[in-house]
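A.B. asks: Residues per chain are reported as follows:
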Amino acid sequence: MTDRFNLYRFASPATFYPLAGTLIPYFAAIAAVFGIAGLYVGMLVAPTDFQQGEGYRIIFIHVPASWLSMFIYLVMAGWAAIGLAFNTRLSGMMAQALAPTGALMAFLSLWTGALWGKPMWGTWWVWDARLTSELILLFLYIGYMALTAAIDDARRADKAGGLLLLVGVVNVPIIYFSVKWWNTLHQGSSVNLTKSSMAETMLWGMLLMAMCFWMYSIAVALMRVRTIMLERERHTDWVKAILAGGEQ
Amino acid sequence: MIYWNSFSDFLAMGGYGLYVWGSFGVTAAVMLIEPIAVARHRKTTIARLKRQLRAESRTTAE
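Quick mapping for you: the protein sequence lines, in order, are chains A and B. Residue numbers 1 to 248, in the working numbering, belong to the letters of the first sequence in order. Residue numbers 1001 to 1062, in the working numbering, belong to the letters of the second sequence in order.
Just chain A, with the same shape it has in the complex (with noise of 0.2 Å):
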């Protein structure tokens, strides 16, 4: 009876690769419908804004693709700690599921700031904190991605993977508050926690697109970590009966 409800059952594979199997779907109809009802406020329903016209609309997918691609990394390097600290095996997995995406949210975030940045700055780049500084943790992705993938034992891909990790949570911190410590081209944030410069149906859009990107990463990193976790585990009977069972 205990055992039930135990929720450490779910770090092990067996038991997380069909929840992670369920769980795809109502995520990817959740990123959906906040997508849907986002796009229709932020791109038919917001007004104009008196600074930089319909330019500014950039900001619904530049916000919360900048957003993620920090969360992502905190949630990666968190993964990286309990792996380090406990040992577990689905630790790794799961850091390597989110990488892709979180370096697709690092690459949207300088994308759509280039195009953002041409016409209200005059430049598509500068080398100034907050750009510097996401251009960064792209490479972090990268430098991840590419010693992971080195190193063909997988348990020793994930400790040296989560070391890179750690060490470079520092400069998750540096992106957010960079345009606070130093003088930046970069505008500050529009949205604090107790008070916000915009106006509320432009705040609605960019929220619903962040919980749209915020459930859409979920979504693919479960598709990608059970793929994984065949990959890792195929020498075990769970895996064994699945490939067995002629699964798709």
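Any given hint could be a false lead.
[Claimed, not checked] Footprint (simulated), chain B over chain A, 3 or more residues, beta carbon under 8 Å: (1) 67-81; (2) 105-112; (3) 115-123; (4) 221-233.
[Claimed, not checked] Here are the simulated DSSO-like pairs of lysine-lysine, each with C-alpha atoms no more than 27 Å apart in a straight line: (5) A:159 - A:118; (6) B:1050 - A:240; (7) A:240 - B:1043.
[Unchecked claim] Listed below are several chain A residues computed to face chain B (Cβ distance under 8 Å; list not exhaustive): (8) 44; (9) 214; (10) 215; (11) 236; (12) 240; (13) 241; (14) 243.
Hints are computed from structural coordinates only; laboratory data are not their basis. Keep in mind the model is a prediction, meaning the values are calculated, not measured. By construction, the Cβ of each residue, glycine as well, lies at the ideal position given by its N, Cα and C atoms.
Chain A is fixed; fit chain B onto it per the hints.
C.D. replies: Frame of chain A, contents of chain B only:
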């Protein structure tokens, strides 16, 4: 409720069309291609693992 007067206004984005749609287009492409790539990788991985499993069971049977 809807802010735009016409569809062409919507596309023009007040002169920022290239930048806005360049951002949204690439983001949409990434969010479409990534899950497809993950699903394809999953298919090829499962096929390879099945082949390996069959090869292993043959060698142990001999």
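A.B. asks: Could you tell me which of the numbered hints above are not met by this structure, giving the numbers in increasing order?
C.D. replies: The structure conflicts with hints 1, 5, 9, 10, 11 and 13, although it agrees with all the remaining ones.
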